[in-house]
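Visitor: Listed below are the residues making up each chain.
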Amino acid sequence: MKPDSDLHDHFAQLRRADHAAAPAWNPRWTQSATLAPRERLSQLPVWRWAVGAMAAVALTGSALWLHRPVSQASPDLAQALPEFFNSSASEPLFADLGLTDTQPSDALLPLHLTIALP
Amino acid sequence: MERETADQLETLHPDAFGWALHCCSGDLSRAEDVLQNAYLKAASGQVQFSGASSFKTWWFGVIRLTALEEFRKQRYRDSLLAKLWSRWTGDSTDPSPNPAHRVELDERSAALQRALSRLPNRQAEVLHLVFYQDLHLREAAIVMKVSLGSARQHYERGKAKLRSLLTPSLENPHET
Chain S
33 MKPDSDLHDH FAQLRRADHA AAPAWNPRWT QSATLAPRER LSQLPVWRWA
83 VGAMAAVALT GSALWLHRPV SQASPDLAQA LPEFFNSSAS EPLFADLGLT
133 DTQPSDALLP LHLTIALP
Chain W
60 MERETADQLE TLHPDAFGWA LHCCSGDLSR AEDVLQNAYL KAASGQVQFS
110 GASSFKTWWF GVIRLTALEE FRKQRYRDSL LAKLWSRWTG DSTDPSPNPA
160 HRVELDERSA ALQRALSRLP NRQAEVLHLV FYQDLHLREA AIVMKVSLGS
210 ARQHYERGKA KLRSLLTPSL ENPHET
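So the sequences go chain by chain: S and W.
All letters in the first sequence, in the order written, are residues 33 to 150 by our numbering.
All letters in the second sequence, in the order written, are residues 60 to 235 by our numbering.
Where hints are given, some of them may not hold.
[What the hints assert, rightly or not] Taking lysine to aspartate or glutamate pairs in the DMTMM-like style, the calculated list, with each CA pair at most 25 Å apart, reads: (1) W:Lys132 to W:Asp86; (2) W:Lys220 to S:Asp108; (3) W:Lys115 to W:Glu91; (4) W:Lys204 to W:Glu215; (5) W:Lys132 to W:Asp165; (6) W:Lys204 to W:Asp193; (7) W:Lys100 to W:Glu215; (8) W:Lys115 to S:Asp36; (9) W:Lys218 to S:Asp36; (10) W:Lys115 to W:Glu166; (11) W:Lys218 to S:Glu115; (12) W:Lys115 to W:Glu128; (13) W:Lys115 to S:Asp41; (14) W:Lys218 to W:Asp86; (15) W:Lys220 to S:Asp41; (16) W:Lys218 to W:Glu129; (17) W:Lys132 to W:Glu91; (18) W:Lys220 to S:Glu115; (19) W:Lys132 to W:Asp92; (20) W:Lys218 to S:Asp41; (21) W:Lys115 to W:Glu69; (22) W:Lys220 to W:Glu61; (23) W:Lys115 to W:Asp66; (24) W:Lys115 to W:Glu63.
Keep in mind that the hints were calculated from the coordinates and are not lab data.
Only chain S is shown next, with the shape it has when bound in the complex (with noise of 0.2 Å):
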């Protein structure tokens, strides 16, 4: 008797069913490489379609939120921005030079540069 008979006859049993069950030959798995991976596209895991169609969304807002547009009206600086100085219309906000219709210097240039304002 054929040593380890028992185990023999138990996978030749499963042997057949397996065989019973495989799915027949297809020449084309031979002869065209690039056909399998077009075959095995529509299985692709959801979650791949998932992260990829997030993804597309996120960019495409993201650019849209780049290019959208910008408002025409300027604002009025003069009332948007605080008032810093507030000054009385008696007292002037900064001191006074002084300056009068003759300056000190004006002797110093020739005679006929000299204008006499009337």
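Go by the hints and put chain W onto chain S.
Guide: Just chain W now, kept in the frame of chain S:
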């Protein structure tokens, strides 16, 4: 691909499917995917038979490697959320063969598959290659990429364990 190689692949196809099925823990659709990927590798020239071993040994090594690659990809795809959900619901992955396939098997074959799924991987692999595929232990060692001594050790231990699993009533009379 050369005509001769294609003919050899066609001849080996049923056994190759059985081996792919074993590498995929009895999952029919995964086994078909693995086998198609292996054919694609051969057709595109990614793997080539060098003649260093027998054609069957080489081809089974390719299928085993492809199944391992597919397994790693599948594990990567499994999101953390899915793992947490399965842990929460207690719906862990069953190492025993696919139920759809098991229905088609007779009781004896189903018992064998259940027993094989309870053995360590290496032991189940070497037993499948020797008893199912009729390979020599040396050829099985090449397919499994282990030394002959290691393959023999897995073979002897696996055989003893498998026998004890297949005949539980003899060893444990009180167990049903």
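Visitor: Now, for every hint given, state plainly whether the structure supports it.
Guide: Results for each hint:
Straight-line distance between C-alpha atoms of Lys132 (chain W) and Asp86 (chain W) comes to about 16 Å, which keeps the hinted pair within the 25 Å bound. Between the alpha carbons of Lys220 (chain W) and Asp108 (chain S) the distance comes to roughly 90 Å, so the proposed pair goes past 25 Å and is violated. The hinted pair formed by Lys115 (chain W) and Glu91 (chain W) meets the criterion: a straight-line CA distance of about 18 Å does not exceed 25 Å. Pair hint Lys204 (chain W) plus Glu215 (chain W) holds up; C-alpha atoms about 18 Å apart against a cutoff of 25 Å.
Of the supplied pair hints, the one linking Lys132 (chain W) and Asp165 (chain W) is violated, its CA atoms being roughly 32 Å apart against a limit of 25 Å. Taking the CA atoms of Lys204 (chain W) and Asp193 (chain W), the gap is about 18 Å. The hint holds against a cut of 25 Å. With a C-alpha separation of about 34 Å, the suggested pair Lys100 (chain W) and Glu215 (chain W) falls outside the 25 Å cut-off, and the hint is violated. Annotation: proposed proximity of Lys115 (chain W) to Asp36 (chain S) holds, straight-line Cα distance about 23 Å (limit 25 Å).
A threshold of 25 Å between alpha carbons decides the hint, and for Lys218 (chain W) with Asp36 (chain S) the separation of about 9 Å falls inside it, so the pair holds. For the proposed pair Lys115 (chain W) and Glu166 (chain W), the alpha carbon gap of about 29 Å is over 25 Å, so the pair is violated. Of the pairs offered as hints, the one joining Lys218 (chain W) and Glu115 (chain S) is violated, with about 95 Å between alpha carbons and a cut-off of 25 Å exceeded. About 20 Å separates the Cα atoms of Lys115 (chain W) and Glu128 (chain W), which keeps this hinted pair within 25 Å; it holds.
With a C-alpha separation of about 22 Å, the suggested pairing of Lys115 (chain W) with Asp41 (chain S) holds against the 25 Å cut-off. Taking the CA atoms of Lys218 (chain W) and Asp86 (chain W), the gap is near 24 Å; set against the 25 Å cutoff, the hint holds. A threshold of 25 Å between alpha carbons decides the hint, and for Lys220 (chain W) with Asp41 (chain S) the separation of about 17 Å falls inside it, so the pair holds. Note on Lys218 (chain W) and Glu129 (chain W): the hinted pairing is violated, with a Cα-Cα distance of about 28 Å set against a maximum of 25 Å.
About 16 Å separates the Cα atoms of Lys132 (chain W) and Glu91 (chain W), which keeps this hinted pair within 25 Å; it holds. The straight-line distance between the Cα atoms of Lys220 (chain W) and Glu115 (chain S) is roughly 92 Å, outside the 25 Å bound, and the hint therefore fails. At roughly 13 Å between alpha-carbon atoms, Lys132 (chain W) and Asp92 (chain W) fall within 25 Å of each other, so this suggested pair holds. Among the hinted pairs, Lys218 (chain W) with Asp41 (chain S) is consistent with the structure: their alpha-carbon atoms are about 14 Å apart, no more than 25 Å.
Between Lys115 (chain W) and Glu69 (chain W) the alpha-carbon distance is near 12 Å, which keeps this suggested pair within the 25 Å criterion. Between the alpha carbons of Lys220 (chain W) and Glu61 (chain W) the distance comes to roughly 43 Å, so the proposed pair goes past 25 Å and is violated. With a CA separation close to 12 Å, the supplied pair Lys115 (chain W) and Asp66 (chain W) stays within the 25 Å bound. Restraint check for Lys115 (chain W) and Glu63 (chain W): satisfied, since their Cα atoms lie roughly 13 Å apart, inside the 25 Å limit.
In this structure, the hints that do not hold are numbers 2, 5, 7, 10, 11, 16, 18 and 22, in rising order.
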